[in-house]
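Student: Next come the chains, spelled out residue by residue.
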Amino acid sequence: MTNGSFDVVVVGGGVIGAFIARELTKFQLSVCVLEAREDVGMGASGANSGIVHGGFDPVPGSLKARFNVEGCQMMRKVTSDLDVPFEMIGSMVVAHNMEEKEILKKLLKQGKENGVKGLQLLDSWELGGLEPSLGPNLKSALLSSESGVVCPHELTQGAMENAIHNGAVLYLSSPVTSIEREEDKTFVVHAGEHHLQARTVVNAAGIYADKLYEMAVECAVGDEIIEAHQQSFRIVPRSGEYMLLDKSEGMTVCHVVFRIPGEMSKGIIVTPTVDGNLLLGPSLNPRQDREDTSTTIPGMDQVCEGARRLVPEINLPAVIKAYTGLRATTDRADHDFIVGRTPVKGFYNAAGIESPGLTSSPAIGLYLAELIAADLEAKLNPNFDPKRKHLRFRDLSFEDQQELVAKDPSYGRIVCRCETITEGEVRDAIRRPCGARSVDGVKRRTRTGMGRCQGGFCSSHVVNILAEELGIDPAEVVQSTPGSYILTEKTKMKEAEQDV
Amino acid sequence: MFELKERYDLVVVGGGPAGLAVAVQAYDRGIKDILIVERKEKLGGILGQCIHTGFGVQIFGEELSGPEYAENFVDMVKERNISVVCGATVLSINQDQSIVITGSKCGVRRIGCGALVLSMGCRERSRGAINVPGTRPSGVFTAGLAQRYINLEGYKMGKDVVILGSGDIGLIMARRLALEGINVRMVCEIESFTNGLTRNIVQCLEDFNIPLRLSHTVTMIHGKERLTGVTVAKVDENKKPIPGTEELVECDTLLLSVGLIPENELTRRAGIRIDPVTGGPVVNEHMQTSLPWVFACGNVVHVHDLVDYVTMESCRAGDAAANYIYKQLPRFREEIPTCSAGEVRYVVPQVITAGDDAEGDLTLYFRVKKPVTNAVIEVSCGDWVFYRGKKLKMIPGEMEQVLIKAELRDTFDAIYQENINKGKMKIDQGGLLVIKKDSQRKGAAKTELTVSVYPEEK
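These protein sequence lines map, in sequence, to chains X and F.
Quick note: the first sequence uses this note's numbering, first residue 74, plus one each step.
Quick note: the second sequence uses this note's numbering, first residue 949, plus one each step.
A few of these clues could be false.
Claimed, not checked - Reference listing, derived: stretches of chain F covered by chain X, where coverage requires no fewer than 3 residues with Cβ under 8 angstroms from a Cβ of chain X:
#1 965-975
#2 1077-1091
#3 1105-1112
#4 1131-1140
Derived by calculation from the structure, the hints in this document are not laboratory data.
For glycine and all other residues, C-beta sits at the position ideal for the given N, C-alpha and C.
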């Protein structure tokens, strides 16, 4: 049990919570992040398109427009500081007929109004040269050259690791159950075994952000009460299903390719990932259960159909994985982000963060951190170190690889052959700040098992390394969540061997 | 450990049955300067975890277990003092006839090679490849991974198991799990026939009373943390689930035995031509790839049914690599493609040598798409048939072969040329078994050597 006291408690260890925490450590503030799940980035942060959007899509004047454009502009610096894979490959919205071409012109105008740079309308002949697999019947496309793709897992981990490196505290497996307020308006946040005093609380609870806000409303006092209730909102989860294709298909397109956006989403996209796979999705369907991330036949059919409309010859048999993310959409008419102060003094929202949330995350983090620092009159932290390093064997030159393995032989042993991940990297992923504690945790940090064999070869090695590093029996190693055991018991043979 | 040299006459990638046979064969042909690169800590490849018997009837004349079969070859490698580096992975094949390897003991090294043989084997298709919807709990394993856990790591992975796919690994794992006291609920097979060897159906399922559900597949995966069950449904002739036939089967483990794919990440990166049907490199009858100094054999080329055939194919590759090093194998030559028609799924080799370099008997290996009874097998080029044979029953699970006699090859060559030159050349049949076809079959191309299988017309 801990009874710590913090200037800021951030609830939610997704990409939004991680960036808020990281930006807060730029100030002389004590920061704690509470995450309900057993790892960071387990919600929508880990199951999305991995796209850095330009920002022509959100309605001008909305928070989405503002944070999208700012986030996109920050992305190069942030990913370079945090050593996160990011490729500015550009995106395209394509028009299949003349009506759609008119919409592109509106999007261009809207993008300029939002302050998006690098927008350009392409003619059909220019398009054919850039993206031959899109088929011959396209009329036009809107190119956004500052868009790109980023690894969403690493962006979350990078920000969180950097926050911890700069003094933030992270408690995992700590769902917030209630919030109280003391006489002096200090919050007491109860989360499992933790009971933390906090001058301010930030709501970055993703799909549960409405529930957390309700807890804050419950402890509103005096003048706060009416307005706090008025600003209540509900999260209405909507699922987005994705299909990931083998790296052999990664060159099918070389931009992020969209159709004309619909009212509720940007539709099915086809995009290379930053790791060289091809990603299709997301579908769009309401979902009742906030924990239900299953894939469905109608959802996958939607994805296939949408992808085929963009790339008629798409090689669907090359799918290696399908997964579902849940968008934390609010019930408000504009579906805009809810970011900033709330009527409950000291309680801040970063709620309703659906697409373009990943792109916006550094900007939302910066905005809230500056706001909170001003409210708490905090000074800058002179010791803030913006850098985080992640060693990737396969990205090194021959000479650097030689040097590394000579120094630490565990970097010479390949564990995951599909993605060329070494034992040294797996051990590092477990030993890092907020390190991996499960097979999926290792996977999200290193990409072991993300390749075409989907862990067929490497998972037994990863299980053994985890067991060794964590000092537990292989049968105690889990896939992801606490109940997701992999092995049950020793075979008779193994028991006999050990008895001897 | 011995010091690695900067160059070897022959480098073999993979120390499984294919790689070991290549090295032994090349050594016996006089190539002494050989290095085998193996990524595991031990030689023998996947055979090490195949503790059941049934290996070696063709090669050793007796039924051996996987480790025994491997050990025989490991002994031969040791007797010959062939260099081996274990725990080392090949990172790249380079145009300057070198490879880069990495290992915890050997470090990162560039090694030159006179010839290179790829024998990396294959991998299993995963859940993503068959796209089963549902949740993503733990408890879904490929059959080979489960086999590794039980036979090598000494751990069981569940109590109640459903197996999807009746390939040989699935069948063998059904028996292995039953022997370990694990309840195998059923084996589902989406096809209306099984892909496994008949002996495995009898010895692994029937002897253990494990039900085999043909034309059934898993349509949904349930469970949040650990698998709690799967939905099993009957499928129609297009392999689509039939509504109303769904049944929830409670289980904590799903094993997938849904096919093997040659492992050619490295091959692709080297720019070597890949056959989209087999998933392996395109090879000629010498097991030579589109990169002349690179050869390939075993499951990396196409998935074999018996390891004995892997050994035989690898001996040919070993011979050819030796010939290449001795400069007895021409570097540039004319090639004729082979192709499949009728019920034939693929043919290996995908190209054969033409012109003056064509010599010796030619064996064509192929598999059928679906079971065929009273099958007619034909090898033809345009209107000309070089081989016609019959077989009572052919199944996709078993590899078939036809032999084209050496004396036929010249004729074939001439016909090939004629077809190309549109009938300008006269063909001397010379009493050989070349017969003119009665009617033109669909799909039999004029400038390719076509292997076709049709049900006999009554």
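Student: Could you run down the list of hints and mark each one as holding or not?
Tutor: Now the hints, each set against the structure:
1. Coverage of the region 965-975 of chain F by chain X is violated in this model, with 0 residues showing a Cβ closer than 8 angstroms to a Cβ of that chain against a need of three.
2. With 10 residues bearing a CB less than 8 angstroms from a CB of chain X, the region 1077-1091 of chain F meets the requirement of three and the coverage assertion stands.
3. Coverage of the region 1105-1112 of chain F by chain X holds in this model, with 3 residues showing a Cβ closer than 8 angstroms to a Cβ of that chain against a need of three.
4. Under the rule that three or more residues need a Cβ within less than 8 angstroms of chain X, the assignment of the region 1131-1140 of chain F is violated, with 0 such residues.
Figure legend: structure checked against the earlier numbered hints; hints not met, in rising order: 1, 4.
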